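Asks: Protein chains in written order, with our numbering: chain D, 1 to 185; chain L, 1001 to 1370; chain V, 2001 to 2294; chain H, 3001 to 3659.
None of these hints come from the bench; they were simulated from the model. Since the structure is predicted, the reported quantities are computational estimates derived from the model, not experimental observations. Treat the hints with care, as some may be off.
[Claimed, not checked] No farther apart than 30 Å at their CA atoms in a straight line, the calculated lysine-lysine pairs in the DSS-like style are these:
1) H:3296 x L:1356
2) D:140 x V:2292
3) H:3381 x L:1009
4) H:3348 x V:2161
5) V:2248 x D:141
6) D:120 x V:2248
7) L:1053 x L:1137
8) V:2100 x D:127
9) V:2038 x D:127
10) V:2102 x D:120
11) L:1352 x L:1265
[Unchecked claim] Estimated spans, in silico, between C-beta atoms of each pair:
12) H:3335 x V:2173: 21 to 29 Å
13) D:36 x H:3016: 22 to 30 Å
14) H:3292 x V:2173: 24 to 32 Å
15) L:1255 x V:2173: 55 to 63 Å
16) H:3423 x V:2173: 37 to 45 Å
17) D:36 x V:2035: 42 to 50 Å
Idealized CB from N, CA, C, for every residue including glycine.
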Amino acid sequence: MTSEGMRDPKHYQLGKTQFDPDLIKEVEARGGKNAQMCYQCGTCTAGCPMTQRSGLRVRTVMRKANLGMREVLDDPDLWLCTTCYTCSDRCPRRIIATDAIIALRNIATQEHKVPMSMIKIMGSIAKTGHGVPNSEGNMKKRVLLGLPENPPTTHTYPEYIKDINKILEVTGLLKIKEEMEAESQ
Amino acid sequence: MALFPIYSKREEGRKSIIEQKTLVQTLNLALDMERCTGCGICAEICPEEAIVKGPLGAVGFKEMEVPEMVFDQNKCSYCGVCVELCPFTALKLTENGEPKTDLIDQEGFPHYLKVAEINLDTCVRCKVCEEMCPRDKAIERNVPEVTERQQAVTYTAEMQLDEDPGSENKCTYCGLCGEICDALTVEHKEATPINIEALGEVKFDSTKCDGCKICEEICPTDSIKIDRTISEAKLQGEVTINKDECMFCTWCAKTCPIENTIDIKKIFEGSINIKTENCPAGCSACVEICPCNALYLPPQHEPGEIAAKLEVNDDFCTLCGACVNVCPVANTIEVKRDVIHIEGTETELYKKTAGKMMELKTPTIEKLGT
Amino acid sequence: MKEYNFFLGCIAPNRYPGIEASAVKTSRKFDIDLQDFKGASCCPAPGAFGSMDVDAWIALGARNICLSEKEGKDIALICNGCYKSLFEANHRLKANPELKEKINSILANIDTEFQGSIEVRHLIDILYNDVGTEKVKESVEQPLTGLNVAIHYGCHLLKPKFDRTFGSSERPRFFDELVEALGATSVDYKEKMMCCGAGGGVRSYKVDLALDMCNEKLYNMVQANADVVVNVCPFCHLQLDRGQVEIKEKFGDVYDLPVLHYNQLLGIAQGMNPEELGLDAHEISVEPLLAKIL
Amino acid sequence: MDEEKRIGVFVCHCGTNIAGVIDVKALAEYAKTLPNVAYAEDYTYVCSTPGQTMIRDAIKEHNLNGTVVAACSPRLHEPTFRKATEEGGVNQFLFSMANIREQNTWVHMEEPEKAMQKAKDVVRMEVARASMLEPLTAKTVPVEKAALVIGAGIAGIQASLELADAGIKTYLVEKEPSIGGMMSRLDKTFPTLDCSQCILTPKMVDVERNPNIELMTYSEVEDVSGYIGNFDVTIRQKSRYVYEDKCNGCGKCQEVCPVSRPNEFDLGLQPRKAAYVPFPQAVPLKFTIDMDSCIKCDLCKTQEACGDLEAIDFDKPDELVTVKVGTIIVATGFDMYDVERKEEWGYKVFDNVVTGLEMERLISASGPTGGNVIRPSDGQKPKSVGFVLCAGSRDQDEEDGAKPYCSRVCCMYSLKHAHQLIEKIPGCVPYLFYMDIRSFGKAYEEFYYRIQNEGGKFIRGRVSRITEDPITKNLTVTAEDTLLGQLLEMELDMVVLANAVVPAESTQKIKTLLTLSNSPDGFLLEAHPKLNPMSTTTDGVFLAGMCQGPRDIPDVVSHAAAAAAAASIPIHRGSVTLEPIFAIVDQEHCGGCATCIGLCPYGATELNEVDGKLVASVNEAKCKGCGTCGSGCPSGAIKMQHFTNEQIMSEIEAFAQGW
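Work out the full structure, taking the sequences as your base and the hints as a guide.
Replies: Encoded structure:
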């Protein structure tokens, strides 16, 4: 805006709204099946426990995805879905909106628009095989219960961790992690 | 799939209630578990076959926690036949909270002929029947407690006082009688020089006099005469039988010390037959459940004697059939009703029902899980 | 004795080992042998990890499944998150040959191939459908009469319903029946089927919002006179237990409502002592609860 | 073959439907290369008059003795081209049709080369078959001058009245004790607010009085055999345990009956006796005894009750009646979606959540509350009522058994309920939760305006969930107002679920008896969705009303009238022509093994003694030409006319030649 009540003359021109019709196709391909079938009834938003306490509006996300408004990928509220699937179970169009949101998050991840908290979880899995690894205090609790200090998982058998890293590597996630870690430094 | 009817079942205290509810009407059939003996007549006669015998065990009926009879709220037509035929008045049918009696009101079904009368003329108001009755509330003994002995009999008492001035026995108003008896009060008047003859007055309260005549004996001038007439030489009040509670087992009649005082008629006539050879010793489930205490385990009279395992006193058996239902062994007890005493029209439905009730009843054991 | 590879996940063994121990011990009473599953990893976390790449999520889940396939054993687990990852990976890969081919091309890098030869089952499913409430009832030595239980099913156990076998996701009953089999009472509370707030990476991304949801659940449970929350998911368990401490710190609301995994509640009912069930390791003291029932 | 085969092939462009995908000229050229083809040509629309003329002329000009048209599905145009062939002087059964549209260019639009290859295959196959076809003669049979209508809701009533007025003896069969169907349950009808009973009852009475209608209530069709013009129908007249001729409808039996059962007609909202009529205006006004709940107390038979009339007989048996009719109209109506399966809305869990039909009975002056709308929990008048539209319609949730289609009546009846609530309860506000208001009919949109103007509140959002306050029994409805983008949590006194219309359970039996099909939505399948929505694929059987799909009363009445017109045509014509496509038995080769008797789904095969030997024969009229008997015959004695083994093998061989 140039001054109060006035818009920059370059905004006067019409036809600026642009949609990406491929976005919804990618969402469907990544597991958000039937996403194009949304008829905007709002059942999802109304049942969503996040609606009343945050800016997440499932119906709006579906709308933007359907029209191809890529700005939806930049929306930090996209990451507020707890994946409880209430919206999906009640959807009269049999859309699994939760999976559509997850698909959008996948696309956002490709564009490095993923919260660092997620990257940290990936880092932990890459390092230990566990998203929530064992701790000193817990080891003591385990011993008291007659359990070994470490569970018989990758904690006891670290030789399996290389397989996990291989999968992260071939799916491209490791690269994203490294790049994002570098960006954040 | 519709909202109504709502069929439901609930327990309220010792009542098990089934319900058919529409928007505008609620029908309830309530089974009073305090009264139900598990005799199974309702299950035998239900026109809709909506009642089945529940899991009876060798438990006294008053301790049962689950209803002996299980009612199917969906099948029930809420007609009221079972209510009429329960010998123990354990069932109640209501429509929107009011008793529903249209079947009976229109003479669509007869009543049991319930004869249970106490001849109050001969009844001496003793407590024997109340003590012998197996039920708590069937004998209604409304006899006032005797706190003063004169209340024990009904009588009239009259007193004659000789106040004839010429008599040698004339009362002197000495007041002795009043001193010793509450029924007599002697009032002295103040003597005046004008009239020294009328010294006082003897007042007599007939309700307090029990005719002991002590006053006669003590009177120095023998001026008092007491005349007592006994009109009723027994306790006051009355003893009656509540027919809604009575099982017509005849314990009271059989044990009444005065002959022909209690007229009680069993609802059913027929026979009970115990085949002791089939009866397992030591079970006593039937004895426990028998509402009329007609069944018993006979005592051993001598050491080494093999006692009969189970006996019945036909006098007290009402042929209700509870023992048959509870018995865990086949063909041990046979109950056969031959006559059912009723009053009212013998409708076709009744005849069919009576036919079912008059079939021979004997335990049939179904294996579980088959 | 039916043998399963016992998939532990992360939170149970690494934060609440009592859940792990109680599952093994209580299952033995029903001739279920939960065996060490060597080399298993994070499932991986469906909401957090799946949000980054669904294919990688399925591939890592499939790695765990394939380890058990090699041993020819079905997998049993005790966490709704693990259930979503492994049950869905197994189910999707079996049902969709194209996906199977795609995932197997990833797994080829670690010389592994998904076959589709085993089942993945939640222990609550095994208890309800294989063991049955009658047998659970028979195993009770210490009936939990008078105990008001607020049941938290957790989302990923039931939803999405088309991908599950439990039927109703709005008014399910099976978990309630399993709790009632122990003699306890399942209390109905407002928004019973609501999410605990932890999933989808939200607990790590915006913990205040995650706790706000948890706060609402706890409030509703307490309003319904619950003595204890019972769950079948260590992550929900952590959110409801550890979350109470955080809620107290952040919002000042205090509930002191004990939180138990179903296997721990089952262990108490089976007469085990609280120490061997690891109840002392919980953030919220279970003492008042134990005082009430023991 | 005695005569040299000279086949003409006509390739249709069907505008761009076919020509837009494949090269039709090349296909015609290819046809010319095939054996026995004497002529081949392409044309824009072969079904048009010039197209048909082209066939006729080519036959004469090129001395053709067989034709093949490569065009659309034979379902619509086979008769057209047969006729053209016949007009050219060649037996109509020497024509064969190659479907290169539905099964080819429409489905292979993206791969024209493969489509071309497939078109060539199909044309080659049909030419081969045409070379083997034999001339057949169609058979004509007389038509019984009577019709059967199954179901006596408004559709069946309307159809019967139309048929009867056209002078046709009509048997109207209804499974319930009274005619009237769903419409008799309604209070008022949208958008005119006519009283449903007021407009329906005169028609019901007309049905009873019309000398051409034989009304059979409390009756079900048990069996149907035969074919168009000659259906033999067995009808079970279920025993009412009351003689209809003796019952005068006085109702004394009902007064004395001690049994109480929920009245099905009132959706269980109020009770009825074991002796009952479903509603006071019932036609016929004859009592029925529900033997399932009757206790046989005989009170209804006493002097004070039925007494001298002696109309009641507990032993009265069902009766089986057989009637002969020329045509049949199916008007079996619909059911309502079991909205209990949408657990999030709490129907049957919460007292004050009702269905649309229940609201209809609550609003109805003849309903259980005399038209006083009350909420079930406490009998109070609701001051705020939510309506959940599309409750089970436009919903693809298979787990809940919901229906993907629009039920077409819910928007309008909810609008009507909203109007009635505003009218009946001062201060009552209806809230309609909708996604789209579909007020498409005449004066419907205007009705929508009217309700908006009266104060009905319209919220564009679907209800996600309903919860109940356990003390007040008030309901909290959660939805998003999608126009505001705002979450709404509204406390309402009552909620009406406008539940979907679903195919009737009872239609299944009729469907099987009449060998009808259903469309994917479960409703009965019409012959053509646009041009023949009242006929079926079974000749002589027609559809009326909701059994074919959701529609409102005016549409049902129109549909029923159309079905009646269609059903009266064969009857008035007096005869019908039967396709000669039936099986014939070569009795010399028949071993009398009876395999075919068990196989035939239509009961058309029978075993008779001929010259001291048991042999099979086929009833030409009953036979539908399915070929099951022929494929099962161990001695190969059964031949399917027009689909002989040779004809089919020639097609297969021709197909194989291309590969």
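Asks: Does each hint hold? Answer for all of them.
Replies: Each hint tested on the structure:
1. Straight-line distance between C-alpha atoms of residue 3296 of chain H and residue 1356 of chain L comes to about 15 Å, which keeps the hinted pair within the 30 Å bound.
2. Between residue 140 of chain D and residue 2292 of chain V, the direct Cα distance comes to roughly 29 Å. Compliance with the 30 Å bound is thereby established for this hinted pair.
3. This hinted pair checks out: residue 3381 of chain H and residue 1009 of chain L have alpha carbons roughly 28 Å apart, not beyond 30 Å.
4. For the hint linking residue 3348 of chain H to residue 2161 of chain V, the alpha-carbon distance of about 22 Å falls within 30 Å, and the restraint holds.
5. A distance of roughly 25 Å separates the Cα atoms of residue 2248 of chain V and residue 141 of chain D; the hinted pair therefore holds under the 30 Å criterion.
6. For the given pair, residue 120 of chain D sits about 26 Å from residue 2248 of chain V by alpha-carbon distance, which is consistent with the 30 Å threshold.
7. This hinted pair checks out: residue 1053 of chain L and residue 1137 of chain L have alpha carbons roughly 26 Å apart, not beyond 30 Å.
8. Pair hint residue 2100 of chain V plus residue 127 of chain D holds up; C-alpha atoms about 27 Å apart against a cutoff of 30 Å.
9. Pair hint residue 2038 of chain V plus residue 127 of chain D holds up; C-alpha atoms about 17 Å apart against a cutoff of 30 Å.
10. Distance hint between residue 2102 of chain V and residue 120 of chain D is fulfilled; the C-alpha atoms sit about 26 Å from each other, no more than 30 Å.
11. Of the pairs offered as hints, the one joining residue 1352 of chain L and residue 1265 of chain L holds, with about 23 Å between alpha carbons and a cut-off of 30 Å not exceeded.
12. Range check, residue 3335 of chain H to residue 2173 of chain V: Cβ separation about 27 Å, and the 21 to 29 Å hint holds.
13. Taken as a hint, the range 22 to 30 Å holds for the pair residue 36 of chain D and residue 3016 of chain H, whose Cβ atoms sit roughly 27 Å apart.
14. Distance hint check: the CB atoms of residue 3292 of chain H and residue 2173 of chain V are about 31 Å apart, consistent with the given range 24 to 32 Å.
15. One distance hint, 55 to 63 Å for the beta-carbon pair residue 1255 of chain L and residue 2173 of chain V, holds here, with the actual separation near 57 Å.
16. Checked against the given bound of 37 to 45 Å, the beta carbons of residue 3423 of chain H and residue 2173 of chain V, roughly 43 Å apart, stay inside it.
17. Checked against the hint of 42 to 50 Å, the C-beta distance between residue 36 of chain D and residue 2035 of chain V comes to roughly 46 Å, which is consistent with it.
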